[in-house]
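Protein chains: 2
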Amino acid sequence: MLSSLSVTDLLNEIASNSPAPGGGSVSALAASLGAALTSMVCRLTIGKKKYIDVQMEIENVLKRSEDLRVQFIAIIDEDTKAFNKVMVAYGLPKETEDQKVKRIGEIQNALKTATLVPLKLMELCREAMELVKIVVEKGNQNSISDASVAALMFQAGCDGAALNVKINLGSVSDTDFVEETKMKMDHFSTSLKSSTADIFAYVTKHIG
Amino acid sequence: MLSSLSVTDLLNEIASNSPAPGGGSVSALAASLGAALTSMVCRLTIGKKKYIDVQMEIENVLKRSEDLRVQFIAIIDEDTKAFNKVMVAYGLPKETEDQKVKRIGEIQNALKTATLVPLKLMELCREAMELVKIVVEKGNQNSISDASVAALMFQAGCDGAALNVKINLGSVSDTDFVEETKMKMDHFSTSLKSSTADIFAYVTKHIG
Chain B
22 MLSSLSVTDL LNEIASNSPA PGGGSVSALA ASLGAALTSM VCRLTIGKKK
72 YIDVQMEIEN VLKRSEDLRV QFIAIIDEDT KAFNKVMVAY GLPKETEDQK
122 VKRIGEIQNA LKTATLVPLK LMELCREAME LVKIVVEKGN QNSISDASVA
172 ALMFQAGCDG AALNVKINLG SVSDTDFVEE TKMKMDHFST SLKSSTADIF
222 AYVTKHIG
Chain S
22 MLSSLSVTDL LNEIASNSPA PGGGSVSALA ASLGAALTSM VCRLTIGKKK
72 YIDVQMEIEN VLKRSEDLRV QFIAIIDEDT KAFNKVMVAY GLPKETEDQK
122 VKRIGEIQNA LKTATLVPLK LMELCREAME LVKIVVEKGN QNSISDASVA
172 ALMFQAGCDG AALNVKINLG SVSDTDFVEE TKMKMDHFST SLKSSTADIF
222 AYVTKHIG
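So the sequence lines, in the order shown, correspond to chains B and S.
Using the numbering used here, the letters of the first sequence map in sequence onto residues 22 to 229.
Using the numbering used here, the letters of the second sequence map in sequence onto residues 22 to 229.
Isolated chain B, as found in the complex (with noise of 0.2 Å):
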């Protein structure tokens, strides 16, 4: 697992002259940052007397702050994965009608696969920053720089996402697939954009 290598060595496996890991893990590894300054921020929030009205609310999203984190570390090797099988399937022979049709299948099933990967970082991104507008607003205010960074790695790892989504959804030929995905994609940015505003919305109130 890529998460399992120091931080030194996964930034030298993404500056390799390797195309994966690429745009889509290191969009993955910025929403498990997000995550955990979300459960950090609860942690901070969590046994304080001033906070004490907040307590089962702010405990609830620690653990699905936590939950996410698990699954956000996940994509960064789905990721990876997906991009990989996408290579390997552009690299099947190619001689016979039979190799052909079997090759151009495969091509079309991975570059679905690698679609679904960042869109369902999309929709876990949406989903944390759900959580961001809670702890931000109700979490420990000395804590507030870093639950807007939560919401800072969120938006860049559903942006980094989305365009991962469209760089494979432009060689998808099933229309009806292309289609559907681009609703999904449109709905989930469009739902996080308005978290986010207004989570910038009161941070800016708050610290300038």
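A few of these clues could be false.
Think about it this way: if two alpha-carbon atoms lie no more than 30 Å apart in a straight line, the pair counts; the simulated DSSO-like pairs of lysine-lysine are [said to hold, decoys possible]: (1) Lys187(S) / Lys226(B); (2) Lys141(B) / Lys214(S); (3) Lys226(S) / Lys70(B); (4) Lys205(B) / Lys226(S); (5) Lys71(B) / Lys102(S); (6) Lys141(S) / Lys214(B); (7) Lys159(B) / Lys187(S); (8) Lys187(B) / Lys123(B); (9) Lys187(S) / Lys115(B).
In case anyone wonders, no lab produced these hints; they're calculated from the structure.
Here the structure is a predicted model, which is why all the values come from computation and not from measurement.
For chain B, the structure is supplied; the task is to place chain S on it using the hints.
Coordinates of chain S only, in the frame set by chain B:
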């Protein structure tokens, strides 16, 4: 060094109930990821016939990108250290008049450092974004989404750093320092936004 930890262990450190490493270190790590992606796109461009005309320019970008990566990784630790120094200063004894004066001086010094570290991060993200602008337009066009994710990481890193500058600057009493820092911050933000706008205008035209 935080970067010698595994990704999983660093995420656990961030998510723990200790306020550091927090948003400042995460912003520096996001920028490190951006630099690694920029270097990857350079390496996927260098040596390719199609990009022979930009070979030397991209080799130069790679050198600068790798140098920036080292500096971003260093800031992951510097930010956590700067934050801890502020905490230590606040914890100094304040029984006698001498102690009070000494404590206030230490707090102010520590706050200035905790401001200058993310300010440096903003400056370096601005520089890095100029490299992405070159890479996205002239580098391997198969890696355009990776270069775009690099841009998203520098944007998030710079915005996260700006929040950390602001939050520390709010407690700095030296008005000259405050004004000068605000001017620099605005300059870096504006300059970075200009490169980002160019990058995404190009990306939108090419991948929608």
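Hints versus structure:
With a C-alpha separation of about 12 Å, the suggested pair Lys187(S) and Lys226(B) falls inside the 30 Å cut-off, and the hint holds. About 29 Å separates the Cα atoms of Lys141(B) and Lys214(S), which keeps this hinted pair within 30 Å; it holds. A C-alpha spacing of about 53 Å is found between Lys226(S) and Lys70(B), which places the hinted pair above 30 Å, so the restraint is violated. A hinted pair counts as satisfied when its Cα atoms are at most 30 Å apart, and Lys205(B) with Lys226(S) qualifies at roughly 22 Å.
Under the criterion of a C-alpha separation no larger than 30 Å, the hint pairing Lys71(B) with Lys102(S) is consistent with the structure, at around 28 Å. Restraint check for Lys141(S) and Lys214(B): satisfied, since their Cα atoms lie roughly 29 Å apart, inside the 30 Å limit. The hinted pair formed by Lys159(B) and Lys187(S) meets the criterion: a straight-line CA distance of about 21 Å does not exceed 30 Å. For the hint pairing Lys187(B) with Lys123(B), the CA-to-CA distance comes to about 24 Å; that is within 30 Å, so the pair holds.
Of the pairs offered as hints, the one joining Lys187(S) and Lys115(B) is violated, with about 59 Å between alpha carbons and a cut-off of 30 Å exceeded.
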